[in-house]
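Let's have the full structure, built from the sequences with the hints guiding it.
Top line first, the protein sequences correspond to chains C and D. Residue numbers are given in the numbering used here: position 339 of the first sequence equals residue 326, and the series is strictly consecutive. Residue numbers are given in the numbering used here: position 194 of the second sequence equals residue 181, and the series is strictly consecutive.
There is no bait here: all hints are sound.
Since the list gives no way to pick one copy over another, a pair counts as held whenever it fits inside one copy or between any two copies.
Straight line, CA to CA, 27 Å or less: simulated DSSO-like cross-link-like pairs of lysine-lysine:
id : residue 1 : residue 2
1  : K261      : K205
2  : K205      : K258
3  : K258      : K178
4  : K178      : K261
5  : K35       : K457
6  : K205      : K217
If you are wondering where the hints come from, they were derived from the structure by calculation, not from laboratory data.
Chain by chain, the residues run as shown.
Number of protein chains: 2
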Amino acid sequence: MSNTLLSLFGSELKAVNLGLESFAENLRANGADAIQVRWKPPAGGDIKMVEILDRLRRQTAVDIDAANAEAASRILKGKPTLVGVGKALDVVPGMTATTVLHSGPPLAWERMCGPMRGAVIGGLLYEGLAKSREEAEALAASGEIRFDPCHHHDAVGPMAGVMTASMPVWIFENSSFGNRAYCTFNEGLGKVLRYGAFSEEVLARLKWIETDLAPVMKQVLEAHGPLDMKNILAQVLQMGDEGHNRNRAGTSLIIREFAPHLVRLGEDPEKIAKILLFMHANDHFFLNLSMPACKCTVDAAKGIKGSTVIYAMARNGTDFGIRVAGLGEQWFTGPASMVEGLYLPGFGPDDAAPDIGDSVITETAGIGGFAMAAAPAIVQFVGGTPADALEVTRKMYEITVTENDSYRIPILDFRGTPTAIDIRKVVETGILPAINTGIAHREPGVGMVGAGLVKPPENCFKDALAAFAKTYAP
Amino acid sequence: MSNTLLSLFGSELKAVNLGLESFAENLRANGADAIQVRWKPPAGGDIKMVEILDRLRRQTAVDIDAANAEAASRILKGKPTLVGVGKALDVVPGMTATTVLHSGPPLAWERMCGPMRGAVIGGLLYEGLAKSREEAEALAASGEIRFDPCHHHDAVGPMAGVMTASMPVWIFENSSFGNRAYCTFNEGLGKVLRYGAFSEEVLARLKWIETDLAPVMKQVLEAHGPLDMKNILAQVLQMGDEGHNRNRAGTSLIIREFAPHLVRLGEDPEKIAKILLFMHANDHFFLNLSMPACKCTVDAAKGIKGSTVIYAMARNGTDFGIRVAGLGEQWFTGPASMVEGLYLPGFGPDDAAPDIGDSVITETAGIGGFAMAAAPAIVQFVGGTPADALEVTRKMYEITVTENDSYRIPILDFRGTPTAIDIRKVVETGILPAINTGIAHREPGVGMVGAGLVKPPENCFKDALAAFAKTYAP
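Structure representation (structure tokens):
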């Protein structure tokens, strides 16, 4: 033996163990120092995925890193701007009088979960296409209604995400690239359509949004001019919001921005006061602005050849789905997960519907759960500790391409939010995107029962990667 | 020698050094391990102070710890509530037509710094007691004007803190104890009276505050009812504010709280819109609410026999002063320090006036600099890093009696803000209260030139402790 080797045996044993932890445990049990390296095999040891990752590394037909850099750059360059208010039928591409848009990937009536069905029923009642729950259910099952994802119409919707022809929508434009995105108005808390409620009270509120709130907001925006949402989102991340599940700062900034213009309309003071009180009473008013802002931002990455960056994640309460920049408009889906979180008094996990809604577009754009470190107070709402919130954001840097140069997190030394999710990194590390979300009751008509964090199904990312390899490195 | 001692000389030398660091440096230079303990002698080795601290520990005439627990408990129990708006002459105790209140401890005209003189000139012009700068200066020097600290009239004022008879004031009540506090309205940024400006523009704005803003706010408060400022302050600490130098969340919350009531007054829309725009344009609008909220909170500790808790800190641009619960209304003063911070473009340390203003009442109540960890984004304004902001708050726990059970800092695992400063702890540790503040130009009429952190003069605390020992352990 060499001297070096001899000296090894002569000195105290200090082992570094990699792999099965029981090896280190045995050494420790026999009095030796042993450090267990926190290492997992790539892709959790999934041979097929390891082979694909390796194949993509070796192929030369397309420069994936360059394509991802382009996707990330387009996302960073995005300038989401609130430009107006319109009626869905008039402004949302492909909308018809008998179309019902919903959240998540495509989904037939038969496979819809409770709250999704409730919201569809509510949408049909609101449009006057049905007169009762029974009529609405029969119509929904008849084939006469076209169900389509919001995402297929440049739109997003929270929770059930139901949008019908008469509903007013916020109109966003990504002023760097000219593409648009649409979202309905947030209805408030409690019994609301997006959680599958469809009572008289819910329909009356939707009507008030259509007849009072939206026309006033349309005028306010005309008076105010386009609103730079990139600036607002940058600010809320310095004010304890993450833009998905905590929106107190965002709603506050919108109110102070619009209030002077609301007053100047010269409308009936009671009407304006009701609108201000409606916004004041519902911090999620801002969610339906942050979502389309994120949607029009990430859509600019759609269709970049050779890119493994995700430009959409969405759930419909049955399936979770993703879309990848280099793979066109295809959805890769898996079963919607259950949310882990905190429940409102009187509710528990047995009451929960699976993960639902397009609001995960915020995480897709690098805020929401990805910016949880900016919003440590949110753990009171979704569970965990402030340290967990920091850790969630830190982990997301491992599966993203870049850091946002506008959306910065003070407590992380103003580091930019982790942006542009790369499916290769998700599969290789096994780290799944972290999503903050609300929890809907499983039955239609009940409403919100809690909030928490949810992990998407891993197979979406693996299936997308396999499809990517088939397309680009066959 | 014993075996133990022998074994010490047989093994490698590992020294722990306490005191002069050069001892450790010499050992290290000779190849030995040496750890330098970060230790300072109590009271920085000030023998007189060490003797006093020791004497207070031994005396039994009064239970200082129990008295401080009572002071801290009163501060925690405080419920600062915004209850109304009034004219200083009508509502502020002891106010007269020829009184000029100012920030900080008592101060004669002759010793006033530039911005304080400017604000006094402005106040006399605003009241019509003088027609020109020269007339105002002559009147101020004549002895016909009574100068008095805001603090002697249950009031506080930011920067120069000048309050005259016609000025409208916010009226706060500590609803747990019934005591009140008063503060003028914040004038906005740029050239303003509190920074010593007194041009036509400044006086016109003060007049608008008197004739338009204040009467409207008085009506709004009557319609809204008393506003629970404890709840608002608890919220802003979860939204990136610290309630002294960063007030974006606070101003936003006030706007959303009042906007519906503003609309319902049925006043001219342009008048209301101007008020909303005024608040929207000035995030320090909230400062003149957080200050009297803190003032009426800590005042409840005044006069507690045997307590070493500070119930007021204040600066007038010449002197810094403190008042201690167990020492009645006496001020202990030292020279106002220079602020270390960031300057607005075109300005530097040579332009700065010394530390000025009653806004340090926020730190006295455990927010402001003491809650800097809640507002890491503030370092862009006052200098330093987010890690520094955390460290500032952590240090303040060493000189305070308790932690606030309502004002909590998410990133510190919702730890309560360090509350109730104990002069014994300040003297013993040598840790001075950390204060966030604005920087005024040294000449009257210029305005704000920067913002930063400032340390009060150490002798105030030592003098107060000596006086305390003389009173309670003679």
